[in-house]
Amino acid sequence: MTDAELKEILLETGIISAPELERAEAEAKKLKRPLEKVILDMHLLEREAFYNIIGEKIGFEYKKVRDVEVEPELLNIYPEDLARNTLSLPFFIKDGTLHIAMSDPSNISLIDQIQLFTNYPLEIYFSSRDEIEEGISKIYRKREELFSSKDAVPQMEASLGEVTSIVKVVDLIIAQAVRDRASDIHIEPEEGITRIRFRIDGILHEVPSPPKEWESAIISRVKVLAGMDIAESRIPQDGHFQGKVNGKIVDFRVSTLPTVHGENLVIRLLDTTSVSIGLERLGFTTYEDLKKYEELISKPYGIILSTGPTGCGKTTTLYSALTRINTPEKNIVTLEDPVEYRLGLIRQVQINPKAGITFANGLRAILRQDPDVIMVGEIRDIDTARMAVQSALTGHLVFSTLHTNDAPSAVARLIDMGVEPFLVSASLIGVMAQRLVRLICPHCKESYRPSKAVLKRWGLEDREDLVVYRGRGCGECKGTGYRGRTGIFELMVVDDEIKEMIVSGVSIVALRRKAQEKGMRLLWEDGRQKVLKGLVTFEEVARVCEELAEVKPVREVEIKPHFELPSKEEKGVKYEKKVKVTPQAIEDYKARIARWLSGK
-15 MTDAELKEIL LETGIISAPE LERAEAEAKK LKRPLEKVIL DMHLLEREAF
35 YNIIGEKIGF EYKKVRDVEV EPELLNIYPE DLARNTLSLP FFIKDGTLHI
85 AMSDPSNISL IDQIQLFTNY PLEIYFSSRD EIEEGISKIY RKREELFSSK
135 DAVPQMEASL GEVTSIVKVV DLIIAQAVRD RASDIHIEPE EGITRIRFRI
185 DGILHEVPSP PKEWESAIIS RVKVLAGMDI AESRIPQDGH FQGKVNGKIV
235 DFRVSTLPTV HGENLVIRLL DTTSVSIGLE RLGFTTYEDL KKYEELISKP
285 YGIILSTGPT GCGKTTTLYS ALTRINTPEK NIVTLEDPVE YRLGLIRQVQ
335 INPKAGITFA NGLRAILRQD PDVIMVGEIR DIDTARMAVQ SALTGHLVFS
385 TLHTNDAPSA VARLIDMGVE PFLVSASLIG VMAQRLVRLI CPHCKESYRP
435 SKAVLKRWGL EDREDLVVYR GRGCGECKGT GYRGRTGIFE LMVVDDEIKE
485 MIVSGVSIVA LRRKAQEKGM RLLWEDGRQK VLKGLVTFEE VARVCEELAE
535 VKPVREVEIK PHFELPSKEE KGVKYEKKVK VTPQAIEDYK ARIARWLSGK
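Numbering of the sequence shown is given in the numbering used here, commencing with residue -15 and proceeding in unit increments.
Treat the hints with care, as some may be off.
[Unchecked claim] Listed next, the in silico DSS-like pairs over lysine-lysine satisfying Cα-Cα at most 25 Å (straight line):
hint: 1; residue 1: Lys502; residue 2: Lys47
hint: 2; residue 1: Lys16; residue 2: Lys275
hint: 3; residue 1: Lys228; residue 2: Lys574
hint: 4; residue 1: Lys232; residue 2: Lys16
hint: 5; residue 1: Lys275; residue 2: Lys48
hint: 6; residue 1: Lys276; residue 2: Lys14
hint: 7; residue 1: Lys21; residue 2: Lys276
hint: 8; residue 1: Lys574; residue 2: Lys122
hint: 9; residue 1: Lys275; residue 2: Lys462
hint: 10; residue 1: Lys78; residue 2: Lys275
hint: 11; residue 1: Lys228; residue 2: Lys(-9)
hint: 12; residue 1: Lys196; residue 2: Lys574
hint: 13; residue 1: Lys483; residue 2: Lys429
hint: 14; residue 1: Lys429; residue 2: Lys21
hint: 15; residue 1: Lys314; residue 2: Lys13
hint: 16; residue 1: Lys276; residue 2: Lys483
hint: 17; residue 1: Lys440; residue 2: Lys122
hint: 18; residue 1: Lys13; residue 2: Lys440
hint: 19; residue 1: Lys429; residue 2: Lys440
hint: 20; residue 1: Lys283; residue 2: Lys440
hint: 21; residue 1: Lys276; residue 2: Lys228
hint: 22; residue 1: Lys48; residue 2: Lys436
hint: 23; residue 1: Lys21; residue 2: Lys196
hint: 24; residue 1: Lys314; residue 2: Lys14
hint: 25; residue 1: Lys574; residue 2: Lys232
hint: 26; residue 1: Lys16; residue 2: Lys(-9)
hint: 27; residue 1: Lys498; residue 2: Lys483
hint: 28; residue 1: Lys517; residue 2: Lys502
hint: 29; residue 1: Lys276; residue 2: Lys314
hint: 30; residue 1: Lys48; residue 2: Lys78
hint: 31; residue 1: Lys78; residue 2: Lys47
hint: 32; residue 1: Lys502; residue 2: Lys483
hint: 33; residue 1: Lys276; residue 2: Lys16
hint: 34; residue 1: Lys122; residue 2: Lys47
hint: 35; residue 1: Lys517; residue 2: Lys436
None of these hints come from the bench; they were simulated from the model.
Model, not experiment: these values are computed from the prediction.
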């Protein structure tokens, strides 16, 4: 369906107002994305209601692919190539009729192709393109085929054919991490076991561990890929490599740390396509919040800060902002440690203290490059803070980050560093604190009524009939009830009144109160709005907001090694000899991961 056809349906049904549709059209043109996707990303309509309306107008019942169990026997008569070429998915055969879903059920040519191939009369339903693509990937992918050598990391290709099998083990671990949307891989040596954990949606999950005797070879293989010294295990090392896994170009940042049981290794996975997320998809609760932030980043000069702990999405927010204002008419220069993603039309500088490039002197050099916009990865010291202020006061727009718990505290942090209050007041135009919370898994989402105690805690005593949502736990989310993440935000716009308060030295409490009067929602309040919208849970918001943090008893965990501990005679033996990994051992390890996946 074309954007024009969709627009006609929406206007005819009146389920979306003309001004909202105009906004969505403008965003679709700006981002060069389908109108359908933009409307859903902007939360202008609920997904199911949106597709139900479209289905009614085109004369086909809308069916959610994830709600239908596909009969395995169907895959013999309905191959994957047919499904992908026609963007369709088989459901079942009933009374001699094949029931299928299509993203374009009005396309006679595709219908004829399916009928000719299957030789069945068809009952056709309508479903969205992304649901069908997700269903195809889920149904046709065999659990056992966890890794395909044709999708291996390029740097590994030369050795995949005949070099040691440990290469395939590392490939397997990396490929599974990419499939699971992990942001980090932890390879952790312990006594008698090599523990492997993936950080998924901000939470660490343990995966089946390989045999202890593979440990040294696995770590050496990763160090070789990352260009690190494999003979040195007494000092921390950093390295990186890039590769293509499952069709994605991924950057891998590797860090090692010597521990009493051996080298601890962490691999950060950076999907080079995720930087193009766009401001609309960061998770702003209302369109008004998005417009406020867009107005800030469109100003000609001043400092805009993103604040929060490590791993809360500050870099993604800054990259999304830079991408939005990136035009050939502007000279944008960034100073980063490290440069995580490459952006077109933007000059990106890597911090390198050994070469004399720090945030402070790098910023001095950038100012001689005639920049319009500057992004400083982090304000860490007084020199960098003063240079950022000077840059803003001389007509540059400056983006940077600070580690503070909320937006108003950024003012106190700059003053504590040694920046005079009148300079902070003159240069600062906005601060946005943020956190990342896990989204409820759409595959197992269920409604429930929260208790009176929960309602009272969240200031919702008058909403006794309130229905909210949570995830039951299913195979898609590995039993967690969550899949994906979104942001919660606290945006403080520094207007003239707040500038005067900063100069006069008022407390952070007074500053926060004034910002709230002017429309700023606190982090937990923004999270509460997302709970009411059915996107996240109360527990997730409480997990990341200190105002609502719960003290939970620590349960004792008995650590059970996956393999037998070495005998006293074996302790102290270094596994630096060549490790023999048989094909059967690799198949056994794959099978263990497959069982782990199916059990989640």
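Review point. Out of the numbered hints, which ones does the structure contradict?
Key: Of the numbered hints, 1, 5, 9, 10, 11, 13, 17, 18, 20, 21, 22, 23 do not hold.
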